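Go by the hints and put chain B onto chain A.
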Amino acid sequence: MDSSLILLMVLSLFLGCGCWLFFMWAVQKGEFSDIEGPKHRMLDDDEGPDRKDKKC
Amino acid sequence: MPNLDPATSVNRPSNAMAPPSPLPLSRGARGTAQGAAELCFHCGAAIPAGILIVERGAEGTLSFCCHGCQGAYLLINNAGLADFYRRREWSDPGTAIQPSQGAYHDAYLSRFVYSSANGSAIDIIIDGIRCASCVWLNEKILGRLPGVLEVRVNYATGRARVLFDADALTPAAIFSRIAEIGYLPRPYTSSAAKEGARLEQRDLLYRFGTAFFLTMQLMAYSFALYAGYFQGIDLQMKGYLQLFSLLVTTPVVFYCGWPFLTGAWRGILNRAPNMELLIAIGALSSFAYSVYACFTGGEVYFETAAMIVTLILAGRLLENSAKRRAAGGVERLLGLCTGQARRFQGGTLETVDPAELRSGDEILVGPGERFLVDGRIVEGSTDVDESAATGEALPILKNAGDSVIAGSSNLTGAVRVVCEREAAESFIARVARLVEEAQSRRAPIQGVADRVSAFFVPAVLSLALITFAMQYLSGAAFGASLMSALAVVVIACPCALGLATPTAMLAGTGAAALGGVIFKGGDILERLSRVNLAVFDKTGTVTCGRPELIEVRAAQGIHDRELLSLAASVESGSLHPIGIAIREHALANGIPHTVGNEVKAVAGGGVTGKIAGQLVAVGSDRFLRESGVCGVPDQIDAPVGGLIVCIAQAGKYCGTVILKDRMRDDAPELVSYFTRAGIPTLLLSGDRQESARQAAAGIGIGAGIGGLSPAQKASRIDLLRQEGAIVLMVGDGINDAPALSAADVGCAVAGGTDIAIDTSDLVLVKPDLERLAFAHRTARRTMSVVRQNLVWAFLYNVIGIPLAMTGRLTPIYAAAAMALSSLCVVGNSLRLLGARRG
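In the order they appear, the protein sequences are chains A and B.
Following this note's numbering, the numbering of the first sequence begins with 1 at its first residue and continues without gaps.
Following this note's numbering, the numbering of the second sequence begins with 1001 at its first residue and continues without gaps.
Extracted from the complex, chain A is given alone in its bound form (with noise of 0.2 Å):
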């Protein structure tokens, strides 16, 4: 039994890791310096120009 639960706690130790990894690679492409435009900008809901110009 115990070699099982060290296999899930280096397993949850793994999974952390890859957040954590996650959480520098965003942070280093710069998702969080602007935290308040997105949720803004996610409602728009007009087309962007790129498809104006196919209708047209």
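To give an idea of the chain B side of the interface with chain A (calculated C-beta under 8 Å), a few residues: (1) VAL1135; (2) ASN1154; (3) TYR1155; (4) ARG1202; (5) LEU1205; (6) TYR1206; (7) GLY1209; (8) PHE1213; (9) PHE1244.
Which stretches of chain A does chain B cover? Using the computed rule of at least three CB atoms under 8 Å from a CB of chain B, they are: (10) 3-10; (11) 17-30.
No wet-lab data here; the hints were simulated from the structure.
Because the structure is a prediction, the values reported are computed rather than measured.
We put the beta carbon where it would ideally sit given N, CA and C, even for glycine.
Relative to the frame of chain A, chain B by itself:
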């Protein structure tokens, strides 16, 4: 509030390239406006009387305050983005400030363009962004410029990064487009300091993120260990769990907590135990104790070490981002004097960077532009708004031979100016240096937390030493004695003590932000709560900063309304503060007026125009006499600081109106609040001594001192501080900036200049002085919560330390007590969030 400074209007039809001669102001549209004030559809400001610009749109007939706003509307509407008007959330009307009407020049802007993987890129600061819709509008409008590849506007910083095709589009076109829709673009320059601040924030985020993930992992192991303590646990399993805990805690303490460890080391070197030393001792002692217990089979406290580091990092992160929001003060000030100067080169004009101007060069400054360097007028005359330098609300006439100050704006005529100093030596540059000096001189005052640490750390360490000595001398083993000593330190430096101040400060600044007051850091709260002298600036702070009509004296046989109608008609298109004040008064009283023909503005004198075929003159008594008007009284008395404006029709004197800068309605209330709180008040002004004294008396301020230059204001504050006062300075202008940074707490009123906001410690989001009283109450409340927290943490120590010294505190009770005291402290701090204004 409408934009009153003529230089602030957005992209008015430019007449800046006109020859150097006094020019009449560009007139708005023809027509009459009557009845209630209408609001401009684009900028939301009240439409000045006499200006009527309408446009038929989908929403019906829309009115605008100027052609600039109409143009912006057309541009936005034609791009299919009229949605902007529906979704924006503006609490204040008006558009961003436009300091220069001069066109944007590629020669200057191209040096900010850099090449990126997908084409050329430029970073632009867009002033005037105040809601998410502004971000949306700018992104969409720029995105539709042919040649623009990608636009990203950062809502938090107001900075745009534009990727564009350099062959298809010039940077000047991008800048012009932003200005056309009513925002003020300026190139973003990165500096070592700004880059450093950005990296520091990122570093903090790395450390906090890491600490957060590891602490989450750690909690899982800790809960297993708690359960094991009560239900029994296989010894080998317990060992594994403790080992894993050690594994995840080590980086938290030594990587995430590194800033505290170095800070603590600095504290030791300076022989000044600080807050960081307390945190470091708390974290290190529980870590060391746990490592020892881990290998000798005791109970571990890894979560204590990890938790304190994580929580304090979270507080630092929030505080840092609040500070960064308005950083870069001095650069913004110098930005007032960036732009392009037009230099006479032989018989032609060439556009140069202000930095290239040398003493003796002659430049042309058109109406609506700013003077970029200190100089002397050699040709032409004009009214100059020197409020930036002196705080004087009314424009001053400048003739050939008079000197002009950098940063002030030219209102009425184009003038030829000979430069007297280089840009690096200009008034603005000197103010910038004063600000820098004052900021570097200001030593941080020792906060509550540091004062507590100063006596607490040595006390705890000596108690630990005593414990160790007692146990060892009474025959215990060396290791066991060391453990007891460590246990004392672990108990004595609990989270609660470390959390007492930061959490309360965090909650206090949060509550203040909800009420419209921004504190740039928790220590400001503490300083504000201890202030014992409040100093106010006059113009723009306790007064509205613009003249208002206070009295009408019509001559015999003429009705007041008639007189005002005449004056307003001649001034119908004027951007001069006096013209605007007269029109506003006429509008407010429902006095109809027409629009004068052949209107001519004479710098420093007044305005003449034809109404119904008769020449009407509005201006100073001297101006009227010189124009051959008969019947002007020899002596017109006016209140101190009041301005006399006479009106004549067809060569006959008709009457006088008096204008004066009005007190803010809420100023006396604020002064009486401070008086009740036992804080004396003082007024410092760049204006004349007599008007400063009168203004002070008018609102109940103890004393008023006038005639002070920006440097004198700052040195006056320094003097007061040397006498032991803790000074709060409230101001709004460029001339207040050095004083704001010299004071213990500088407070900027919104609507003031950028530089004032940047150099101050707290900012009132709206020009509503009552908020300052609220800020002061919040600060005092926060400090009382801090004291309660400290008392609680000490109480815990008073019980815990003797038990730990005698070895009677069992680990599980110690852990429970630590968690409980932390919860109490955090909960007590959160009470502050319930504080509301009023």
